[in-house]
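> Spelled out, the chains give:
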Amino acid sequence: MLDSNAVNSAISQSYKHGFVTAIPSDTIPTGLNEGVIRLISAKKREPEFMLSWRLAAYRHWQGMTEPRWSSVRYPTIDYQNISYYSSPLTNNPDSIDLKDVDPKLLATYEKLGIPLSERLSLAGVAVDAVFDSVSVATTHKKKLAKLGIVFCSMSEAVREHSALVQRFLGSVVPPGDNFFAALNASVFSDGSFCYIPPGVRCPMELSTYFRINAAGTGQFERTLIIADKNSYVSYLEGCTAPQRDRHQLHAAVVELIAMEGAEIKYSTVQNWYPGDAEGNGGIYNFVTKRGECRGDRSRISWTQVETGSAITWKYPSVILRGEGSVGRFHSVALTNNHQQADTGTKMIHIGHNTRSTILSKGISAGFGHNAYRGLVKVLAAARGARNHSQCDSLLLGNTCSAHTYPYIEVKNKSSKVEHEATTSRISEEQLFYCQQRGLSREQAVSLIVNGFCQEVLRELPMEFSVEARKLLEVNLEGSVG
Amino acid sequence: MNILEIQNLQVSVMNKPILRGLELRLGAGEIHAIMGPNGSGKSTLANILVGRGDYQITAGTIRYQGEDLIVRSPEERAMAGVFLAFQNPVEIPGVSNARLLKEAFNAHRRYGHLPEMDAMTFRTHLQERAKHLGLSDDWLLRPINVGFSGGEKKRNELLQMLVLEPNLAILDEIDSGLDIDALTDVANGINALRNNLRSMLLITHYPRLLEQVHPDKVHVLIGGKIVMTGGMDLAGRLEEQGYGWLSEVAA
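Chains G and C supply the protein sequences, listed in that same order.
For the first sequence, counting from 1, position 387 maps to 477 in this note's numbering; every step adds exactly one.
For the second sequence, counting from 1, position 98 maps to 555 in this note's numbering; every step adds exactly one.
Chain G extracted, bound-state conformation (with noise of 0.2 Å):
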């Protein structure tokens, strides 16, 4: 066990994506009524039908009541203080040209790694990336095009491909699903949004990187991923904001919709800024994510490294609609310092034959409070469902916490359900094996977590892989003495 000495109480964690870029932007005044969204549709030009949708989803929300079942605290949110768009005011939300967009935004993303222009970027991958509201850059669209790919912002997608969108928007995640969904359903201002058509496997990992960086403002992105029959896409979202003192609120929506023989991975790395030491600012993620395997034998699996934000709370699901269609979810979720975290996952099994694996990973230190939340439940009609779910937890000394809350619901006979939950704490003996190896107890530290997390961390593809053991060790920084 690690002593009290041990483990270090004034923890001092450093962020490394903490900087502000000074650049203009047009952020429209604090408050939320329909007035508010009639001029978000209409700064990007909105089609009639998503203004109507809207607007039905803001008379929804405002029936409905901030729901309180999580384990997660927080002061009350104050809706009408939050300002629900900000643009970097020099780039023309339509463009994707890069010669357009603002070189300290272009700056920007290079210093947090991400290079937007074409020639830098790394083979293999296309980038998206949001900027505040708006999508500022969407690289080897053209490549990607004459597969028939459509990867582009969801404001273009709104303009340009409203059929589809028309087609699958909130036919996962209804408007109205949840209090944070019908705010996101409202406001939602930018995100990605991909079409693989029928046949093609994607050659390239997509992948957006979201960034908040004016302050007092929220973040209300929307994904709209649909893997047509017999496709295949992998899929990577990342996402970091300046280090403010003030709490910033994060309410994404991500729809995942795979046809017959389809196949989506979809992957997160999630690195918004957690707060300070005293558990001051931060980002507060509240986050709807949710798959449907709608044609049979489709496979959607989730894997996310949950590391930064104030508090985490989302549970990525799958509905298992189609005959022997797949759902998997592996998570590794660190809290330290004042860090909270409720995540897990939602599998709902509706289909014959459908099977879901959860592999949830839980480390906790500091004061962080870490809880895995997971309903697995299987429909009268789902004859043979197979669920397996393993959730361990990691502790770093003895002011954090973990826990665990399985929800299983089965209402047939021939489905198989298997739950299994372990607890440990990292011992000092183990750390003293590696000091006498000669590794510092930081390297310890992170080795072993690492080994802990090494399931998870193995399903991300090799960029992110690496990334995520480098946040870990970044997140992981002042948690023992």
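Hint data in this document are derived by calculation from the structure and do not stem from the laboratory.
Any given hint could be a false lead.
Restraint-style ranges between C-beta atoms, simulated for each label pair [stated by the list, open to error]:
{"#": "1", "chain 1": "C", "residue 1": "HIS671", "chain 2": "G", "residue 2": "GLU545", "range": "43 to 49 Å"}
{"#": "2", "chain 1": "C", "residue 1": "VAL547", "chain 2": "G", "residue 2": "TYR495", "range": "30 to 36 Å"}
{"#": "3", "chain 1": "C", "residue 1": "LEU654", "chain 2": "G", "residue 2": "ASN370", "range": "52 to 58 Å"}
{"#": "4", "chain 1": "C", "residue 1": "ASN545", "chain 2": "G", "residue 2": "TYR495", "range": "32 to 38 Å"}
Here the structure is a predicted model, which is why all the values come from computation and not from measurement.
We put the CB at the ideal spot given by N, CA and C, even for glycine.
Start from chain G and add chain C according to the hints.
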């Protein structure tokens, strides 16, 4: 110059004196055995040398290669070439032997201002040494000590020693719980590492291992002090007569 020089070392655990004025000098390339009954302070000595907490040094000095060892952190001592083969090596789930050894090996390289070894070269380096101990490649990918038998854990400690090539190795009851064949393997491992620069302290209860290693000196530790020093004949006498006859000397 002596690799290790301990003078008047006095150590307590929770205010209870364990070592009471221990003196020891270990020359370069020498192997010394430390024998003694349970509770005489053998493991305390091993733990003190590698900087384990929970012990209070109340008096005395420890010099390693002529410099004060006590002020250094455990990892600095390790990187400077002090190695402990643990009596009960701990399990570390999820971390492979190869992974820990690569990190440790490169930490040593950085400390010695040498370039780090790349993954491929290190793998060959590691496999050669594993082969020497009769360990298969998949052994290297197993998580550290997880599900290992007593004998396997001891071999694993020796493998780490072969890879890290320490100047001073302290082997704390490396022979406990081993059958005759495993004991011979361990003795061969120790002999293979022997050279005129590397020094070793063998902490043991039994002379069996010493018969195959032939230490330069045998010390008897009783009541926190070295009460007698001799050669292999002393180890033989202890096996026949136990420690009882020495209590007069200790008193």
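> In this structure, is the beta-carbon distance linking ASN545 (chain C) and TYR495 (chain G) contained in 32 to 38 Å?
holds (37 Å)
> Between HIS671 (chain C) and GLU545 (chain G), is the Cβ distance one that fits in 43 to 49 Å?
holds (47 Å)
> Given the range 30 to 36 Å, decide if the beta-carbon distance of VAL547 (chain C) to TYR495 (chain G) lies inside it.
For TYR495 (chain G) against VAL547 (chain C), whose Cβ atoms are near 31 Å apart, the range 30 to 36 Å holds.
> Could you check the hint for me, namely that LEU654 (chain C) and ASN370 (chain G) are 52 to 58 Å apart, CB to CB?
holds (55 Å)
Every hint from the earlier list agrees with this structure, and none is contradicted.
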